[in-house]
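Q: I would like the entire structure built from these sequences, with the hints used as guidance.
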Amino acid sequence: MRAREIMKRPVVTLAGEDIAEIKDIVYAGEAGEVAGFTLNGRGLFAGPLKTALPWSAVHGLGRDAVMVTGEDVLEERTVVVERSARSGAGGDVLGSRVLTDSGTYLGEIVEVILSVGERAEVVGYEIDSSEALGKDGRKVLIPLPDALSVSGEALMVPAAAVEFVTDDLSGFGAAIDAFRARLRENEGSASQAPGQTA
Amino acid sequence: MRFSEADGRKVVSTSTATTIAKVAGFAVDPSTQQVVALHLKKTDGDADTVLWSALTAFGVDAVTVAGPDVFVVAEGETAVLLDKHHSVKGKRVLTEGGDDLGKVEDLEFDAGTGSVTLLITKTEEIAGKRLTGVGSYAVVVRHA
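Note that the protein sequences, when read in sequence, are chains S and V.
Letter by letter, the first sequence follows residues 1 to 198 of our numbering.
Letter by letter, the second sequence follows residues 1 to 144 of our numbering.
These aren't lab readings, by the way, just hints derived from the structure by calculation.
Remember, it's a predicted structure, so these values are computed and weren't measured experimentally.
Don't take every hint at face value.
As the list claims (entries may be wrong) - Anything over 12 angstroms on all C-beta distances counts as not near chain S; from chain V, calculated:
1) Arg2
2) Asp7
3) Gly8
4) Ser15
5) Ala57
6) Gly59
7) Val72
8) Asp99
9) Ser115
10) Ala138
To be verified - As a list, the in silico PhoX-like pairs of lysine-lysine whose alpha-carbon atoms are at most 25 angstroms apart:
11) V/Lys103 with S/Lys8
12) V/Lys103 with V/Lys122
13) V/Lys91 with V/Lys122
14) S/Lys8 with V/Lys91
Unchecked claim - Each pair of labels, with its calculated beta carbon distance range:
15) S/Glu153 with V/Lys129: 15 to 23 angstroms
16) V/Lys41 with S/Asp72: 35 to 43 angstroms
17) V/Glu125 with S/Asp168: 28 to 36 angstroms
18) S/Gly41 with V/Lys129: 32 to 40 angstroms
The beta carbon of each residue, even a glycine, is placed where N, CA and C say it ideally should be.
A: As structure tokens, then:
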């Protein structure tokens with residue numbers, strides 16, 4: 001799911017009342033786990049709210065709404081935002097350059113891709129691809145490893161990520177799994193290599 | 001029976017055999033998935049609600065009641081369920097997972113018990129027992 005698709009989505013109680021809408025995503029940790037959402041009011045009450053929605057209180061995140069059991073699950077905005085990380089995969093990455101660890105520039109991040117299940121976390125980026133990818137400068141999706149290095153300057157991905165680039169979201173889930181499996185395989189064989197020192 | 005068929009149906013007094021009102025709306029309690037009251041029009045006076053429990057029968061051709069004495073002014077929970085913000089018909093259906101299933105075009109209920117048996121959208125027929133919330137924004141249903 002593209003992060004932008006979640007913005008403005010209504011927050012609806014199981015009783016069928018819309019109590020807020022999503023303003024922004026609060027990320028935590030290096031892997032870019034979704035810690036929660038800041039909120040705007042609805043309709044006449046538009047504008048930022050003092051309350052926020054912690055991820056633990058999300059009952060369901062669907063195509064059309066974010067469901068919660070009731071209004072009482074909202075927390076103070078400051079409490080939720082305190083858990084956020086400025087760095088990490090979900091931080092302020094839009095516009096950052098993606099570099100492979102072999103030193104090739106792959107493109108610029110235009111969108112954050114989330115996987116949503118029991119937890120929600122950043123699993124990839126949509127990038128305006130560089131020539132190196134041979135995609136004629138089109139937007140493509142690039143999978144992320146479980147952990148990665150991010151700075152304000154660039155974001156470093158393993159060179160193998162290039163092999164798992166996809167053009168659209170269908171099939172991207174499988175690409176992430178295959179990419180991460182490959183990385184684990186490599187780690188495994190590296191640790192078994194004879195004569196290697198830490 | 002569907003709401004669309006039942007809407008506008010005559011409400012007849014069993015004591016005088018005269019039409020004393022017409023059905024104008026339905027209050028559905030999402031916690032029990034039951035029609036708990038009918039909103040009435042063309043009544044003689046302010047009392048424009050009849051509780052399901054006060055009906056003699058919801059018949060094929062008419063709703064029967066003992067007489068106009070059973071009509072009440074809706075209050076409390078019933079008034080909330082009867083207000084226009086809580087009408088089920090025309091409202092979007094959301095699953096508890098946050099997916100939109102379309103707007104409710106009609107409902108089917110058991111005329112004997114008042115149980116809502118189906119919510120009908122353009123593309124789906126949703127079992128009434130999945131109903132969990134009826135709010136001003138949406139009707140919420142559990143996963144099938």
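Q: Decide, hint by hint, whether the structure agrees.
A: Evaluated hints:
| no. | hint | verdict |
| --- | --- | --- |
| 1 | Arg2 | holds, 22 angstroms |
| 2 | Asp7 | holds, 22 angstroms |
| 3 | Gly8 | holds, 26 angstroms |
| 4 | Ser15 | holds, 39 angstroms |
| 5 | Ala57 | holds, 31 angstroms |
| 6 | Gly59 | holds, 31 angstroms |
| 7 | Val72 | holds, 25 angstroms |
| 8 | Asp99 | violated, 4 angstroms |
| 9 | Ser115 | holds, 19 angstroms |
| 10 | Ala138 | violated, 5 angstroms |
| 11 | V/Lys103 with S/Lys8 | holds, 21 angstroms |
| 12 | V/Lys103 with V/Lys122 | holds, 7 angstroms |
| 13 | V/Lys91 with V/Lys122 | holds, 12 angstroms |
| 14 | S/Lys8 with V/Lys91 | holds, 20 angstroms |
| 15 | S/Glu153 with V/Lys129: 15 to 23 angstroms | violated, 56 angstroms |
| 16 | V/Lys41 with S/Asp72: 35 to 43 angstroms | holds, 38 angstroms |
| 17 | V/Glu125 with S/Asp168: 28 to 36 angstroms | holds, 32 angstroms |
| 18 | S/Gly41 with V/Lys129: 32 to 40 angstroms | holds, 34 angstroms |
The structure fails hints 8, 10, 15 (numbered hints given earlier, in ascending order).
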